[in-house]
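Enquirer: Protein chains in written order, with numbering that gives the first Met the number 0: chain A, 0 to 191; chain B, 0 to 796.
Note that these hints are calculated values from the structure, not bench results.
Every value quoted in this text rests on a predicted model; they were computed, and no experiment measured them.
A few of these clues could be false.
[To be verified] So the derived label-pair ranges between C-beta atoms look like this:
id	chain 1	residue 1	chain 2	residue 2	range
1	B	D724	A	R121	49 to 59 Å
2	B	D619	A	L162	34 to 44 Å
3	A	L162	B	E648	52 to 62 Å
4	B	E596	A	L162	38 to 48 Å
5	A	E157	B	W605	35 to 45 Å
6	B	A250	A	S134	35 to 45 Å
[To be verified] Covered stretches of chain B, going by a simulated chain A footprint (3 or more residues, C-beta under 8 Å):
id	region
7	203-214
8	349-358
9	401-410
10	444-453
11	697-708
We treat Cβ as the ideally placed atom computed from N, Cα and C, and that holds for glycine.
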Amino acid sequence: MAQQLAFYFEQNHCVGCDTCQIACKGKHNLPVGQLFRKVYEVSGGAFRERDGAIIPEVYAFWISISCNHCVRPKCIESCPAGAIQKRPLDGIVHIVQDQCIGCRRCLKACPYGSPQYNPFTRKVGKCDFCLDLISQNKPPACVSSCPMRALDYGPLDELQKKLGSVNSTKGLPRADTEPALVITPHRHAVDK
Amino acid sequence: MPNKKRLLLKQQLTRRHFNAAEVPSAGSAVNFSPFEQNCINTAAPMTVTESEEKLVPTSGTHNCGGRCLLKAHVRDGRIVRISSDDTFPDTPLMPQLRGCMRCLGYQDRLYHPDRLKYPMKRVGKRGEGKFERITWNEALDTIADHTKRIMKQYGPEAIYFNYGTGNAGRVSERVWLTRLIGLYGGYLSMYGNYSNGCSLMATPFTFGTTATGSSREDWINSKLIILLGWNPAEVIHGTNSTYYLKQAKAAGAKIVVIDPIYSNTAIGLADQWIPIRPTTDSALLDAMAYVIINENLHDQKFLDTYCLGFDDAHLPPGIPSGNSYKSYVLGESDDQTPKTPTWAEAISGVPREVIVQLAREYAINRPGALIQGYGPQRHAYGEQVVRSGTVLAAITGNIGVKGGWASGTGLQARSNYVASIPTTNPCQAQISHYSWPDAIRRGIGMGADSGVRGVKQLSSNIKLIYNLAGNCLINQQSDINDTAKLLADDSLVEFILVNDQFLTSSAKFADIILPADNMLERDDIATPWGFGDYVLYTSKAVDTVFECRNGYDWVSDLAGRLELKDKFTEGRTLEQWLRYLVEETAKKNPGFPSYEEFKAKGVYRWHYPEPDVAFKKQIDDPKNNPFPTPSGRIEIFSPRLWAMNKPREVPAVPKYVPAWEGPQDLLHKKYPLQCIGHHYKRRVHSTFDNCGWMEEASRQEIWINTADAEQRGIREGDKAKVFNDRGVIVLPVKITPRIMPGVVSIPQGAWWTPDATGVDQRGCINTLTKYQPTPLAFSNPQHTNLVQIQKACERSG
Numbered sequence: 000m001a002q003q004l005a006f007y008f009e010q011n012h013c014v015g016c017d018t019c020q021i022a023c024k025g026k027h028n029l030p031v032g033q034l035f036r037k038v039y040e041v042s043g044g045a046f047r048e049r050d051g052a053i054i055p056e057v058y059a060f061w062i063s064i065s066c067n068h069c070v071r072p073k074c075i076e077s078c079p080a081g082a083i084q085k086r087p088l089d090g091i092v093h094i095v096q097d098q099c100i101g102c103r104r105c106l107k108a109c110p111y112g113s114p115q116y117n118p119f120t121r122k123v124g125k126c127d128f129c130l131d132l133i134s135q136n137k138p139p140a141c142v143s144s145c146p147m148r149a150l151d152y153g154p155l156d157e158l159q160k161k162l163g164s165v166n167s168t169k170g171l172p173r174a175d176t177e178p179a180l181v182i183t184p185h186r187h188a189v190d191k
Numbered sequence: 000m001p002n003k004k005r006l007l008l009k010q011q012l013t014r015r016h017f018n019a020a021e022v023p024s025a026g027s028a029v030n031f032s033p034f035e036q037n038c039i040n041t042a043a044p045m046t047v048t049e050s051e052e053k054l055v056p057t058s059g060t061h062n063c064g065g066r067c068l069l070k071a072h073v074r075d076g077r078i079v080r081i082s083s084d085d086t087f088p089d090t091p092l093m094p095q096l097r098g099c100m101r102c103l104g105y106q107d108r109l110y111h112p113d114r115l116k117y118p119m120k121r122v123g124k125r126g127e128g129k130f131e132r133i134t135w136n137e138a139l140d141t142i143a144d145h146t147k148r149i150m151k152q153y154g155p156e157a158i159y160f161n162y163g164t165g166n167a168g169r170v171s172e173r174v175w176l177t178r179l180i181g182l183y184g185g186y187l188s189m190y191g192n193y194s195n196g197c198s199l200m201a202t203p204f205t206f207g208t209t210a211t212g213s214s215r216e217d218w219i220n221s222k223l224i225i226l227l228g229w230n231p232a233e234v235i236h237g238t239n240s241t242y243y244l245k246q247a248k249a250a251g252a253k254i255v256v257i258d259p260i261y262s263n264t265a266i267g268l269a270d271q272w273i274p275i276r277p278t279t280d281s282a283l284l285d286a287m288a289y290v291i292i293n294e295n296l297h298d299q300k301f302l303d304t305y306c307l308g309f310d311d312a313h314l315p316p317g318i319p320s321g322n323s324y325k326s327y328v329l330g331e332s333d334d335q336t337p338k339t340p341t342w343a344e345a346i347s348g349v350p351r352e353v354i355v356q357l358a359r360e361y362a363i364n365r366p367g368a369l370i371q372g373y374g375p376q377r378h379a380y381g382e383q384v385v386r387s388g389t390v391l392a393a394i395t396g397n398i399g400v401k402g403g404w405a406s407g408t409g410l411q412a413r414s415n416y417v418a419s420i421p422t423t424n425p426c427q428a429q430i431s432h433y434s435w436p437d438a439i440r441r442g443i444g445m446g447a448d449s450g451v452r453g454v455k456q457l458s459s460n461i462k463l464i465y466n467l468a469g470n471c472l473i474n475q476q477s478d479i480n481d482t483a484k485l486l487a488d489d490s491l492v493e494f495i496l497v498n499d500q501f502l503t504s505s506a507k508f509a510d511i512i513l514p515a516d517n518m519l520e521r522d523d524i525a526t527p528w529g530f531g532d533y534v535l536y537t538s539k540a541v542d543t544v545f546e547c548r549n550g551y552d553w554v555s556d557l558a559g560r561l562e563l564k565d566k567f568t569e570g571r572t573l574e575q576w577l578r579y580l581v582e583e584t585a586k587k588n589p590g591f592p593s594y595e596e597f598k599a600k601g602v603y604r605w606h607y608p609e610p611d612v613a614f615k616k617q618i619d620d621p622k623n624n625p626f627p628t629p630s631g632r633i634e635i636f637s638p639r640l641w642a643m644n645k646p647r648e649v650p651a652v653p654k655y656v657p658a659w660e661g662p663q664d665l666l667h668k669k670y671p672l673q674c675i676g677h678h679y680k681r682r683v684h685s686t687f688d689n690c691g692w693m694e695e696a697s698r699q700e701i702w703i704n705t706a707d708a709e710q711r712g713i714r715e716g717d718k719a720k721v722f723n724d725r726g727v728i729v730l731p732v733k734i735t736p737r738i739m740p741g742v743v744s745i746p747q748g749a750w751w752t753p754d755a756t757g758v759d760q761r762g763c764i765n766t767l768t769k770y771q772p773t774p775l776a777f778s779n780p781q782h783t784n785l786v787q788i789q790k791a792c793e794r795s796g
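Model the full assembly from the supplied sequences, consistent with the hints where possible.
Expert: Set out below in structure tokens:
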């Protein structure tokens, strides 16, 4: 592969504003029920009360996740129609709509819940890294929309060199599929 | 309607029908409307390149704290996508003006099937929501008749423009109708607003102005930033505010968030979160002052040089000792209560050692910025916390210096002139934005003690309400059940006009409804609320639909009916007025682009070599630059408030005043939970409440602490019944440790949807709020509520 493309997620500064999720929906014209990128909250802990004082022992952080265009994508293995392909050029995993038979096996195979079934077309869609924008050298819609500049993209090895090799945090599955993802974790999202 | 428009709609309808027909399982083809198929992904992922699209610069002109530079992607006369403008580089000093989820998902609102399409008149009882389609002619005749009659019968003080900012553009329908009615004889006007009424009123008592904010690029010079009830990530209080905070953090600032909720801002930016009981912020700030004074960490030189009434030695002549702020804090005034951290802990829930730590850090680790959000001042005595913050900034000498912050309203001191449409109002009478129910019930004779300004007493009750692009008639006003009864009686308010895009809760109380065009269907000019140095031209991206009309268009026709057309229009088209605004703006801004260039780019940004620091010249050279107060000083003690002689509710120095329905109210025994209504990322107030993409991202639900839910046997998936003596709401729950125990929040802005028994099924917090204007600003105290909660039922599915 020439250069595996990857997403960068600055989780420590994500404010959970959902802008990337909506920018993605707008870009791909997705009805309610389908999210190619989704943002969710992970939280826990409790409060300690001491006389009148209320002492928080609480944690919370956000996860913004799309397809991770994995180096070892399970979705491809699962697809009986050969509709899911990984581009040799940049490692982008995409679904050829004409070939998709809508069997939804990829939905079960993907640990990140990335493939999304469209009941209207009876096919599965997912993040394609905004192929049309990438081909024009423009960032994907989620990246260019982020008000916190907490999302970015680039060649995986370059991102790793610059920003480390964390590709999973609490609230995410184990990185068995080698997701093309680099995360700067929130302090609550990693074991101290 | 012009034939061309009809034709276009017909074509769109046909095309979409065709697309829908291609889809085998599009089961929702019943009652098909041209809007309904908008969000349905009928084909493979988009492969069309952007070059085939027309890109139109625009912005969100509803009442949002952000103003962002957006691009509408238009294909075949239809908006297919909205993105943030990325045509200029994104640099830390000049960042792109990126939009948030609300505007980037705007097509879901623009093409909503419930858009109002035709003028309508009420046919049932007022408030019932029964309407019948009428022509524009009939609608405008009716409006003109009532306006003439009421003006003649009762005079201008009977005519009221209710607060509403759904369209905050420079040429909104509100601008035009106020211009017209101003020419026709005038109207009862208002001061203040629902966002920060207490702050706008209280801040000038300290500083003489509300423009107390430095520019946000200066935050990188702060060592400590305290966000007191400020959640800009969700409110979008200033496009890029969170990004500037991120930069400040990268430059080394510690960020502390004080909020009953572990807010989105706190999660992404804070080093420390301090939960606090709503309405008790002044107690916390008082105790911080106590620590600072007690440990001799205050800036005595600053106080002696610039301030009035910090200690008894600096009270104005004639004021007895014991009335200074220091006396109050140390317990040497009437109440004989030192405002110790232990005292504040019992009230606010903030641990005493945290108060000590924060006070020391703020006083020592200078410069520091204590930035006040507006949530804490939307309570029973909201004026106090505003002034408490300003005083703490003064005590620590954090005013007029790089990296400091004067606190208070915080509107950016550096302002840029943008012209407005000229309006006049010969009627001098004013009420607060919030007290109109009183002016309906007992307007005649209402005077200064009810917040009336401009006249000694009102000469009429309110008889006519224009409610334009606003949902404050019911939804955003306190005590909905009572307000609904008031409005339903058409012998009180005799005529209500609503102009909107949807049949909102407020629109249901209209006698005539006019369907408004949408911001993407019109040209306008927009400026940010307070932060930022830019102005935007929002270009029309698509034609408007059905019989929706632009404000200038129909108000001009109404002007004809009032025989004021020429005077009103001055012979100008809307475009000519927009050109006028640009020309007038250019007169005071050398280098301002031409109309054509401004329109094409969609933005003009003022460039400044360095950040602006509010009150810098007053601090650097006080002799030649007094503060704009009567004494020329920072008035910690306010002689003007002293003269009001209402020491308990309007003290001359800021004090913690226990709120009715606060944590110390005895009603707590019956209703043990404090209920607030925080701003929710998926709405701008009530705008966007009906949008599916927004609901999918952030459902309307009550936030309740895990322990409080457990105590009541409420589990995830349940619905809760929330109630007090004023109303009942049933809505889903979010059981979360992100809200402190004893406090619940119903995110504000959901549309009041009563069932047959009056129980709100959607979750509008104003079903529960109390109508009681605050004592100084006559503003809205909507975070001041005690409630109880029970499990309502299991949610199906």
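Enquirer: Which of the listed hints are broken here?
Expert: 7, 9 and 10
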